[in-house]
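For the protein sequence lines, the chains are A and B, in the order given. The first sequence begins at 168 in the working numbering and counts up one residue at a time. The second sequence begins at 1185 in the working numbering and counts up one residue at a time.
Just so you know, the hints here were simulated from the structure itself, not pulled from any lab data. Careful, some of the hints might be misleading.
Said to hold, decoys possible - Ranges of calculated distance between the beta carbons of each label pair, as one might list FRET restraints:
hint : chain 1 : residue 1 : chain 2 : residue 2 : range
1    : B       : Asp1252   : A       : Arg406    : 48 to 56 Å
2    : B       : Arg1274   : A       : Ser608    : 42 to 50 Å
3    : B       : Glu1267   : A       : Asn310    : 53 to 61 Å
4    : A       : Ser561    : B       : Gly1366   : 46 to 54 Å
5    : B       : Ser1346   : A       : Ser561    : 49 to 57 Å
6    : B       : Ser1296   : A       : Ile302    : 35 to 43 Å
7    : B       : Ser1296   : A       : Ser472    : 53 to 61 Å
8    : B       : Ser1346   : A       : Gly197    : 57 to 65 Å
9    : B       : Leu1362   : A       : His410    : 43 to 51 Å
10   : A       : Ile474    : B       : Ser1296   : 17 to 25 Å
11   : B       : Met1349   : A       : Val216    : 39 to 47 Å
12   : A       : Asp234    : B       : Ala1314   : 25 to 33 Å
13   : A       : Gln483    : B       : Ala1258   : 45 to 53 Å
Unchecked claim - Chain B side only, calculated, beta carbon under 10 Å to chain A, not exhaustive:
hint : residue
14   : Ile1261
15   : Ile1293
16   : Ala1299
17   : Tyr1312
18   : Leu1313
19   : Val1344
20   : Thr1370
Computed from a predicted model, the values in this text were never measured in an experiment. Glycine is no exception: its CB is placed at the ideal position from the N, C-alpha and C atoms.
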Amino acid sequence: MTDIGAPSVAAAAATAELHEAALRPALKAGRRFWALFIGLGLVAIVGAVAYGIQLAAGGLSVTGYNDQVFWASYEATLVAFIGFSYGGALVSAVLRLTNASWRGPITRIAEVSALATLLVGALFPIIHLGHPERIWLLFARPNFQSPIFWDMVAILTYMLATLILLVLPLIPDSAMLRDQPGLGRLRRRLYAVLSLGWAGTQSQRRALERAMTVVAILIVPMAVIVHTVLSYTFSLTSRPGWHSTIFGPYFVIGAVYSGVAVVILAALAYRRAYALQRWIDDRTIRNLGYVMVVLGFAYGYATFSEITTEGFVGKQAEVELLYGLMLERYAPLFWAFIGLGLLAPVALIAFRRTRTPAGIGLAAGLVIAAMYLKRLLIVVPPLSRPVIAGDAGSYTPSVVEIAIVSGAAAGVVLIMLFLFRFVPVLAVDEMEQIERVHADSRMAAGPRPTKAAVALGDVADV
Amino acid sequence: MWLMSRGSGWRRAVALAGASLLASLLLPANVGATHRGDVVDEVTMQISYQSSSLPGAPGQLVARLQVDDGSPIAGLIVEFWREVEFLGPRRIVLSRSTTGTDGTARLQIIPSESAMRVGASFAGTADYLAAEQSTDVGASVIPVPASPAAVADAGASLAVVSTAMPLLLAFAAFVIWLLLIGVVVTTVLAIRRGRAPATATRKVRS
């Protein structure tokens, strides 16, 4: 009896510990949490005020935009944030579809970061409008030939899918929360509604797993489409530097690359703040780091391919642009991107000594910053070179723009902090299911010989 | 193992192949040089660009090969190229063409930029020395395809695509929305239906 009872007691304790850990961000809001929340809130408020100033000024005259460079930070932020979102959703969906056993602790963080970045990123087409009240014309008088219209359709569809990807796995977790002692009545009622009467029966599990598989399968091509359509906003123009067939996949790879970096940073932040090292362990962070490195190579290859293809043909306009980018005006920024966004992260993760959570976190931070810079380099240099006639344009972001973009970045973190006040940071049910499957397979395989036994040649006796 | 056991024969075969290769490289040059008693003529190349009077229509890049006395040389291959500058000057071969009885080789081009350096090269043969010439051409207007009729035809067939494509995309988006909402609705219903433990349901049924 004791032999059977002991592991079950241990398992129950482990389950209780997991439940407690998953709810730490929801239940424990210390002084540091509120300091961060208020600080970010202030940045977001400054951003909102800056947007108010932009509206009061009658449009983009308060930004650094001009006749030549008529797209800049807002478009770069749109592409960057949708990209961050794509990475989060793809990490969750692909790891689910491939049944990766280490996915459990990070899927929830990936899904929440995907939704938060998408919600904020989708605001930027509106922020870019001098007259945002005209957004309704996109619905009222759609131009079906315009990539902008399809951008809107793709982003809204992707938003729905991301929301479903987050909400469906929350059903069993909400049931767990519903039964958790020490929660307020309001929260308990909310979880009771969200749990839909989940009892963990086989038919419920089957229905949920089927739905999750369908959504995970759908979200992969959908995310590819969203970012390809987003790239069409640039590549379907005849402007040198934008009109490129590689832009679709280039945007998609860039999106996943930067998105994985966001997931790494978010996972590291929550792991440290709420002492979740036991669940979001070093192996999980390392695996994400490897994924990021592979994507970094892919993005470097795409960058090389783009430059080589355009440079080889040697059309005057494109060569001027490439010279400007690589050797002249924008060279410091371009090489900063190559060094900090591609080489440094790979180096940090390649060497065992720096392949620590801190090193991988630094690599992820560099990737996020460098990829934002790259988006600016995609948008601004081709515009600064006039297509018909006139002098080369220049662009310096205004204080209003910087405030709005900073406010948006703060908004993403705020949304994540807010959501994790209600949502368990770890996908508890999923982790338990994975553990159950592993325990079953361990049982089926029987006891495994120890390394020592193998070394002593005792395997046959085991 | 097979090569090792036949080591000496294999070495002989390699030596023979090497000798054959050397002979094939040297012999034609010797044969050509002696073909006309070691006389190699100097060749003059003239290059000109004849632009079209129609805006956007292709112009003709004409290279003429002649010997010193001005007589044209027929049947020689001329390579047309374009000079580009990206991290150093480089040539992109546009086409190769053979000179006719008047000694000219032609290439139709539509200059896509305001200034392009194009040229033609003759690599030389056993009888004639190599020659090369280049010139600047430029587009005064943005190039458009040459034949208005072809454009109209292409436009007519593409009109179907431009009408159908948005409809197809809209249909695809509609199907995805339907699928996503369907998944949510069926899952919610299935979870609500499956609230009773499975064992109890089976007992009731039995």
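The hints, checked one at a time:
no.	hint	result
1	B:Asp1252 / A:Arg406: 48 to 56 Å	holds, 51 Å
2	B:Arg1274 / A:Ser608: 42 to 50 Å	violated, 59 Å
3	B:Glu1267 / A:Asn310: 53 to 61 Å	violated, 42 Å
4	A:Ser561 / B:Gly1366: 46 to 54 Å	holds, 51 Å
5	B:Ser1346 / A:Ser561: 49 to 57 Å	violated, 37 Å
6	B:Ser1296 / A:Ile302: 35 to 43 Å	holds, 38 Å
7	B:Ser1296 / A:Ser472: 53 to 61 Å	violated, 22 Å
8	B:Ser1346 / A:Gly197: 57 to 65 Å	holds, 59 Å
9	B:Leu1362 / A:His410: 43 to 51 Å	violated, 35 Å
10	A:Ile474 / B:Ser1296: 17 to 25 Å	holds, 20 Å
11	B:Met1349 / A:Val216: 39 to 47 Å	holds, 43 Å
12	A:Asp234 / B:Ala1314: 25 to 33 Å	violated, 51 Å
13	A:Gln483 / B:Ala1258: 45 to 53 Å	violated, 36 Å
14	Ile1261	violated, 24 Å
15	Ile1293	violated, 14 Å
16	Ala1299	holds, 7 Å
17	Tyr1312	violated, 30 Å
18	Leu1313	violated, 29 Å
19	Val1344	violated, 14 Å
20	Thr1370	holds, 7 Å
Checked against the numbered hints listed earlier, the structure breaks hints 2, 3, 5, 7, 9, 12, 13, 14, 15, 17, 18 and 19; every other hint is satisfied.
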